Structure formats: structure tokens, C-alpha cells
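Number of protein chains: 2
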Amino acid sequence: MNLKHLPSFLYCVVALGFWTGCAAQHPPQRYAWVTGLKPEKADYYHQLHAAPWPGVLKRIKASHIRNFSIHEREINGQLYLFAYLEYTGTNFDQDMKDMAGDPETQRWWRETDPCQAPLPDAAAAGKIWSDTKEVFFLP
Amino acid sequence: MNLKHLPSFLYCVVALGFWTGCAAQHPPQRYAWVTGLKPEKADYYHQLHAAPWPGVLKRIKASHIRNFSIHEREINGQLYLFAYLEYTGTNFDQDMKDMAGDPETQRWWRETDPCQAPLPDAAAAGKIWSDTKEVFFLP
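Protein sequence lines, in the order shown, are assigned to chains S and Y. The first sequence finishes on residue 155 if you use my numbering, and the numbering steps up by one all the way, no holes. The second sequence finishes on residue 155 if you use my numbering, and the numbering steps up by one all the way, no holes.
Errors might be hidden in some of the hints.
Copies of one chain are not kept apart here, so a pair can be met inside one copy or by any two copies together.
[Claimed, not checked] Using 27 Å as the maximum straight-line C-alpha spacing, the simulated BS3-like pairs for lysine-lysine come out as follows: (1) 143 - 57; (2) 149 - 54; (3) 149 - 77; (4) 113 - 143; (5) 113 - 74; (6) 77 - 143.
Quick caveat, the hints were computed from the structure, so don't treat them as lab data. Quick caveat, the model's predicted, so the values are computed rather than measured.
Just need the whole structure built from these sequences, with the hints factored in.
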């Protein structure tokens, strides 16, 4: 290669780097969870989530969670919450442990846990959220 | 600008184009829906969704829907389906109409509709899926 073409070549490498970096992103793992919401605590739960604590959000991000939404719905007179999130890390259990060990997250959960009414399987495991089974996915 | 730098300059423009094109993508609208699943039809519903018809998937994509997943969960002895999807278009109602008018999609729905047990509000509106309320979102 003629050295006078080196700058052009380097720009080309950078361009391709950006392009493939965006196009070939590591596909995330999807998680969808369900729990109950106590009707008398629904307003407080909404208030908390309308202005979530910055330290809690930062810790969620640090655990490689993105595109995380929680949706509420009444079914047969009961309120339920459905969480959807995408995990982009490589060690989900460790990332969840790190989140659970964070003092600010623990303080947050001391506010949110009493609002929620876990399903029997989660309650039996001392957890809040129950897993669901994915039956369809279209990227 | 010295013309001998033109190729480098053009490469730079292309690199920036790819980069900002990826970073500044139009943010999608999230939709999360709920419906019931008849237990005696669950196996057939799973079968259908394990090998969805290509024409149906193509029509969903054409309606600017992406990242579409359906999750199943039993609550109080009943089966429920939770759908999460992202809409990237600019006219949701029209895109839904176009999907509903597609003969292949109509044939698909003639298979899937009888598997589902809509909640009362959806049933009253002649629909399958009920809306939920988003209470939290972290990109």
C-alpha cells in the first residue's frame, strides 16, 4: 500500500468499526416477570416509580440491564405487575447478587417490597417476582 | 481544503454517518398486552408459535413492529399471555389495520383466536388483547 493512502485506509477501518459495532451488537437475553400489587399500596408504588432514585437506576445499569419496563394490569379484581427487561451481561446471577448487595437498592426494596404481593411460588422462595415462559419471539 | 485530502474527508463523513445513524435511532413506542390462554388449547398455541408462518412474521415486520415477545404464566390456576413489542412506525392504527386486512394474518388469527380467553374489557370490545399501564421505564 502506498503510504499516502494510509489516512484514507485508517478512516475506512474506523467507519467499518462503527458500522459493525452497531450492527453486530451482542443479542440480549429477555426476562419477563410477574408479581401482584397491593391495591392500597398502588399509589405509593406509582409515586416511587415516577421518580426512581438515581442510585438505584445506576446500579441496575451497572448490572447490564437495559430496556426495563414495568406494566400494570387488573385481572379478576387483582392488580398485577409485569416486568420486561433485557440483560446484556455474561453472568446474570452475579449481576443480580451485586445489585442485591447494594445499600441504596436495599433501601429502595424496603419501600417497594411491601407494595407487592408475590405469587405463591415466589413467596415460597422468599422472592418478589415470578418467572414466565417465553412462547414467541420476533426480533 | 487540499483536494488530496478529499478521500480521507469522505471516509470521515461516512464513519460519522454510520455512528450517528446508530446512536440517534428513533425511539420506539412500547406496548404490553395481556390475554388469557385456554388450558386445553395451550399445546396447540405453543405449536403454532414454535413455527410461526413466514407470511405472518413478514406482515408484522411490515407494520413496523420489532422485538415482539409473548410470555406465558399461570396465575391463580389460570393461564395468561403477556405480549411485549416495540413499534417504530408513525401511524400505529393504520399499521394495525393493514395487518388485520392481510389474508394470511386472518388465517393465522383463525387458529390463534380460539386458543385465547380475552379479559372482559377486550371481550366487550371484540378484541383479544387488553392494554396495560406502563409504570416504569429505564432505557
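We went through each hint and held it up to the structure:
For the identical chains of this complex, residue 143 and residue 57 are intra-copy neighbours only, at 18 Å inside a copy versus 30 Å across copies, given an alpha-carbon limit of 27 Å. Taking the shortest Cα distances, residue 149 and residue 54 sit within 27 Å of each other both inside one copy (24 Å) and across copies (16 Å). In the homo-oligomer, the alpha carbons of residue 149 and residue 77 lie at most 27 Å apart both inside one protomer (24 Å) and across protomers (23 Å), since each shortest distance falls under that limit. Taking the shortest alpha-carbon separations for residue 113 and residue 143, only the intra-copy value of 13 Å comes in at or below 27 Å, while the best inter-copy value is 41 Å.
Proximity of residue 113 to residue 74 under the C-alpha cut-off of 27 Å is restricted to the intra-copy arrangement: shortest distance 15 Å within a copy versus 40 Å between copies. Within a single copy, residue 77 and residue 143 get their C-alpha atoms as close as 21 Å, which meets the 27 Å cut-off; across copies the closest is 37 Å, which misses it.
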